[in-house]
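Protein chains in written order, with the UniProt record's numbering: chain A, 1 to 275; chain B, 1 to 172; chain C, 1 to 123.
Don't take every hint at face value.
Once the Cα atoms are required to be at most 25 Å apart in a straight line, the calculated SDA-like pairs of lysine to any residue come out as [stated by the list, open to error]:
#: 1; chain 1: B; residue 1: K156; chain 2: B; residue 2: A131
#: 2; chain 1: C; residue 1: K18; chain 2: A; residue 2: K184
#: 3; chain 1: A; residue 1: K171; chain 2: B; residue 2: H109
#: 4; chain 1: C; residue 1: K18; chain 2: A; residue 2: M1
#: 5; chain 1: A; residue 1: K193; chain 2: A; residue 2: D67
#: 6; chain 1: C; residue 1: K18; chain 2: B; residue 2: T71
#: 7; chain 1: A; residue 1: K60; chain 2: C; residue 2: N88
#: 8; chain 1: A; residue 1: K184; chain 2: C; residue 2: N88
#: 9; chain 1: A; residue 1: K102; chain 2: A; residue 2: N255
If you are wondering where the hints come from, they were derived from the structure by calculation, not from laboratory data.
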Amino acid sequence: MSIATTDFAFVADLVRQRSAIDLQPGKEYLVESRLVPLMRISGESDLAAFVSRLRRGDQKLIDSVIDALTTNETLWFRDTAPFDVFTKQLLPDVAKTSLTKKITVWSAACSSGQEGYSLAMLLLDWLPRNPGFDAKIVGTDISHKMVERASAGKYSQLEINRGLRVPYLVKYFDQVGRDWVLKKEVRDLATFKWGNLAQPPIGHPQCDIIFLRNVLIYFDPPTKKRVIENCRSVLRPGGYLVLGGAETAPSLGPNWKRVDVDRAVVFQHLGNGAS
Amino acid sequence: MIDPAELAAAQPDLEMLLVEMIASVLGEQAEPTAEPLPAAVGLAVSRLVIQDPQDGSFLGVDVRAEGNLITTLAATLLGVAEPAPDDMLDVIAELGNIAAGNVKSLLCHNGQLSLPAPQLAFEHEGDSPDAIRAGASLLGNVMELVVMPLHSADAKTRWPSGSAQHSAEVGV
Amino acid sequence: MQALVVDDSRVMRTILTKLLTNLNFDVVQAGDGAEALAALDAGARPEVALVDWNMPVMDGLTFIKKVRQNPEYRDVVLMMVTTESEQNNIVRALAAGAHEYVIKPFTDEVIAEKLEMLGLIER
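With the rest of the complex left out, here is chain A (with noise of 0.2 Å):
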């Protein structure tokens, strides 16, 4: 399903006023993707419709528009595939070759931390059933806002509404109010801190596995590719870099080989010998 030139420059404009994201014509793919699950719910059959909607000033429309072009992560679990694959594939694997014996995920734009708690909570699933191993989380994100709400692990009752499954809610988190906090075993295993995914990671942990998602869309090439250099810095051969579901695979070069599983876009990191 394909966007028409003015409903595009429309709905670009609609989200350069509301935040600083700049989406240049060529980004068409990125903003169908995430308008054609947002028409579905609204029962409009083509965007044009859908789009009209938003001309007329439908704010709730408007709003869940804004959110989906330019929020990274404000799901638990969010598009399931990665998280299934994590468990199941991506994290036997790491530490069949660990070294340490300490698994290390690195949520890379983490938001407000959905995605790095997500990955905590399949972790404890996992570490009592592989004793002698040890995990944390590392998330980043380039807002320091989202950084300190991320490290409050606190969340309204609208935000666990949100893709998070039922008994992971009553199993990781305790309710205050009208608002939830994670227990602390959850907290403990995840740290947040600010970084910037263009510039070199100073200081950042050795990773097993990395969770790009829906991040590299929105820099232009250059930027993607020191961007992905970066994250091959410090993932340590073998590991393995997740990235978004809606995200054409990029060209990586040889370092990488693209791992099809199932609906989720892996590459793994063969090492540093070949470029």
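Please arrange chains B and C on chain A, whose structure you already have, making use of the hints.
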């Protein structure tokens, strides 16, 4: 019995709850307001009661809005051109229900929630001094959420099946 | 695909029915647990039931227990959609056999995400 200071301190939370509820159920942007409901205008009012399991005390939760606003909302939500009084009652009842459930987790953990009692009225008597009010403006109208300690529940209060109060009523 | 919406509020039934219809479900409505059981007994076989908690005649928790007791209905996915938001109530609902739990107020996306998580829709 809820502590009056605790109730007063919850005012900002009630305001946020009201604005959130309006956004997600009605899809309308609302702003907190101190403006009261206009006097002598048709109102839609929903009353629910929460009973504290510890001491048996009661908390009343009202959601009130101008009749005009509820007519507009009923038309959108139910997809009818000219909403009947029943349609308006249904709308205010469900708003009251959602608000009260959230008030319960905020102020009266594990309390028992009654079923909503909605009505259309031309005025209301004014609230007791210990009532806490939150208001929000939307579509040029005002909606308010008022929480107050009650000495007793109205005898006509309906309790959901499965609750102790319901069992007592039907003599189970 | 069929969905059963069980809520004593006509407004809530209408909101959920519209949302589910947009996601290509055929929707059967019931005003309380007893009506919903009657619909199942009359042959309705929904893939999923969205169930309110506080209702007259038969509440949602009782309904869920009754559905779970009947092996004929074992494939029905049960999702509580309620304003009851306390943790111990969520635990009770899960223990009774609910698969998922949505706290009111919710947005349309919330329901769609949960249905996707349960493998009932693809987006």
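Against the structure, the hints:
1. K156/B x A131/B: holds, 21 Å
2. K18/C x K184/A: The given pair, whose Cα atoms are some 40 Å apart, is violated under the 25 Å limit.
3. K171/A x H109/B: holds, 19 Å
4. K18/C x M1/A: holds, 23 Å
5. K193/A x D67/A: At roughly 23 Å apart (the allowed maximum being 25 Å), D67/A and K193/A satisfy the hint.
6. K18/C x T71/B: Status holds; Cα separation ~20 Å.
7. K60/A x N88/C: violated, 32 Å
8. K184/A x N88/C: Between K184/A and N88/C the Cα gap is close to 19 Å, so the pair holds against 25 Å.
9. K102/A x N255/A: The given pair, whose Cα atoms are some 24 Å apart, holds under the 25 Å limit.
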